[in-house]
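The sequence shown runs 379 to 821 under the working numbering.
There may be inaccurate statements among the hints.
[Claimed, not checked] Lysine-lysine pairs mimicking DSS-like chemistry, simulated, CA-CA at most 27 Å apart:
{"no.": "1", "residue 1": "K710", "residue 2": "K777"}
{"no.": "2", "residue 1": "K710", "residue 2": "K641"}
{"no.": "3", "residue 1": "K485", "residue 2": "K640"}
{"no.": "4", "residue 1": "K481", "residue 2": "K456"}
{"no.": "5", "residue 1": "K641", "residue 2": "K485"}
By construction, these hints were calculated from the structure, which means they are not laboratory data.
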Amino acid sequence: MAFVSMLSPRKFQRPSPWLISAPSDQERASGKADSEDLDFFATSRERRFRLFASLECEGQLFMTPHDFILAVTTDEPKRVKQWRSLSKQELNEMLKGTPPAWKGSSKLFRNLKEKGVISYTEYLFLLCILTKPHAGFKIAFNMFDTDGNEMVDKKEFLVVCKLVFITPDCYHFQLQEIFRKKNEKREAKGDEEKRALLRVQLYGLRTSPNNVVKTGEVISRSYWDTLRRNTSQALFSDLTERADDITNLVSDTTLLIHFFGKKGKAELNFDDFYRFMDNLQTEVLEIEFLSYSNGMNTISEEDFAHILLRYTNVENTSVYLENVRYSIVEEKGITFDEFRSFFQFLNNLEDFAIALNMYNFASRSIGQDEFKRAVYVATGLKLSPHLVSTIFKIFDVDKDDQLSYKEFIGIMKDRLRRGFRGYKTLPSYPTFKSCLKKELHSR
Numbered sequence: 379m380a381f382v383s384m385l386s387p388r389k390f391q392r393p394s395p396w397l398i399s400a401p402s403d404q405e406r407a408s409g410k411a412d413s414e415d416l417d418f419f420a421t422s423r424e425r426r427f428r429l430f431a432s433l434e435c436e437g438q439l440f441m442t443p444h445d446f447i448l449a450v451t452t453d454e455p456k457r458v459k460q461w462r463s464l465s466k467q468e469l470n471e472m473l474k475g476t477p478p479a480w481k482g483s484s485k486l487f488r489n490l491k492e493k494g495v496i497s498y499t500e501y502l503f504l505l506c507i508l509t510k511p512h513a514g515f516k517i518a519f520n521m522f523d524t525d526g527n528e529m530v531d532k533k534e535f536l537v538v539c540k541l542v543f544i545t546p547d548c549y550h551f552q553l554q555e556i557f558r559k560k561n562e563k564r565e566a567k568g569d570e571e572k573r574a575l576l577r578v579q580l581y582g583l584r585t586s587p588n589n590v591v592k593t594g595e596v597i598s599r600s601y602w603d604t605l606r607r608n609t610s611q612a613l614f615s616d617l618t619e620r621a622d623d624i625t626n627l628v629s630d631t632t633l634l635i636h637f638f639g640k641k642g643k644a645e646l647n648f649d650d651f652y653r654f655m656d657n658l659q660t661e662v663l664e665i666e667f668l669s670y671s672n673g674m675n676t677i678s679e680e681d682f683a684h685i686l687l688r689y690t691n692v693e694n695t696s697v698y699l700e701n702v703r704y705s706i707v708e709e710k711g712i713t714f715d716e717f718r719s720f721f722q723f724l725n726n727l728e729d730f731a732i733a734l735n736m737y738n739f740a741s742r743s744i745g746q747d748e749f750k751r752a753v754y755v756a757t758g759l760k761l762s763p764h765l766v767s768t769i770f771k772i773f774d775v776d777k778d779d780q781l782s783y784k785e786f787i788g789i790m791k792d793r794l795r796r797g798f799r800g801y802k803t804l805p806s807y808p809t810f811k812s813c814l815k816k817e818l819h820s821r
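Produce the complete structure using the sequences and hints provided.
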């Protein structure tokens, strides 16, 4: 296996609309774009995937399971990564240890470590799972089950993922092209080549998405809004006609083998689907919890506050951390069960926000008893008194033992969107070239 940088030459082979494509020899020569230049044209999710991905096979970029865990639990890679080039045979060797769905566990990604591959589209799918309530798992399964037989096969999975995850990002490209043409009379040839290169990296597309995505496929709704609508037959009628084409273009990945077996003939039932989603949420939470617990059964209340605030837009987190530090006389700690129950509640934040808004509309703040009652009514979860008390000590900036929409819901919505919107960590040394380019594009 040879380690190659993004700009090292490698022959490009057939691209796939499912997987992200690495640059070809010709595209490297014509585009002459480094990673920073391409990041200028990419969304935060695309940049983050490219930042953490460590593998390249036949022109496609992949994450390992370990890369994915790092991408959702750390701010940035510990070291600058180069893409490791794999042959198709080497990639297949990496997938041999993938267990079937019925053997899944909350340590799946940790057990696989570097022995697996995850595509960009699967990365989006996994991010979506992390922030969804358990009640929504059945809705998601039903959307994948396009023929209504209570089983999901490989073709159904790929078709729905193309619609839900690839098409909206192509739609983003279309809007980007429209606004660019309206705001700029002329674009440099180099920028056009970089946009084309990024399209190849993200979608395996050598032509503009305008020529690839049909009008009926363009979905401007959010990913989860698409899953929540019971319109599978209408949405998938065109795509199912080309299911064989989609399937034939896809290389095997860890998820595809885990769900559908090495031959792709197995089917996924709801119990296995639910178990996978629940295990993934649990695994990521366990990793975050263990990173602060130092082998103990609890984390400190201050560490809990730090975890809640780390992916938000709060400018001065020290105010909230000091709230905890000075208001908790005797540290009791937060157990993993309390930690997990809070994030299960957080995934039901929309329903809870409706209940909390009712108090705001009545010109009332909310106390601890009312908070617990609203959580239970909206989500069915019972949060421990100590957990609720800790939440109030973190977010009660006014020191009135009351909680308002501004003090809690707004910040938690930031935390909930940590994966899809990207992280707030910025490069510490932007180049003059990139700054100048951004300034020119803003005019």
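Results of checking the hints against the structure:
In summary, the hint linking K710 to K777 is supported, as the alpha carbons are separated by about 21 Å, within the 27 Å threshold. Between K710 and K641 the alpha-carbon distance is near 51 Å, which puts this suggested pair outside the 27 Å criterion. Between K485 and K640 the CA atoms are separated by roughly 21 Å; this keeps the pair inside 27 Å, and the hint holds. Pair hint K481 plus K456 does not hold up; C-alpha atoms about 32 Å apart against a cutoff of 27 Å.
About 24 Å separates the Cα atoms of K641 and K485, which keeps this hinted pair within 27 Å; it holds.
Checked against the numbered hints listed earlier, the structure breaks hints 2 and 4; every other hint is satisfied.
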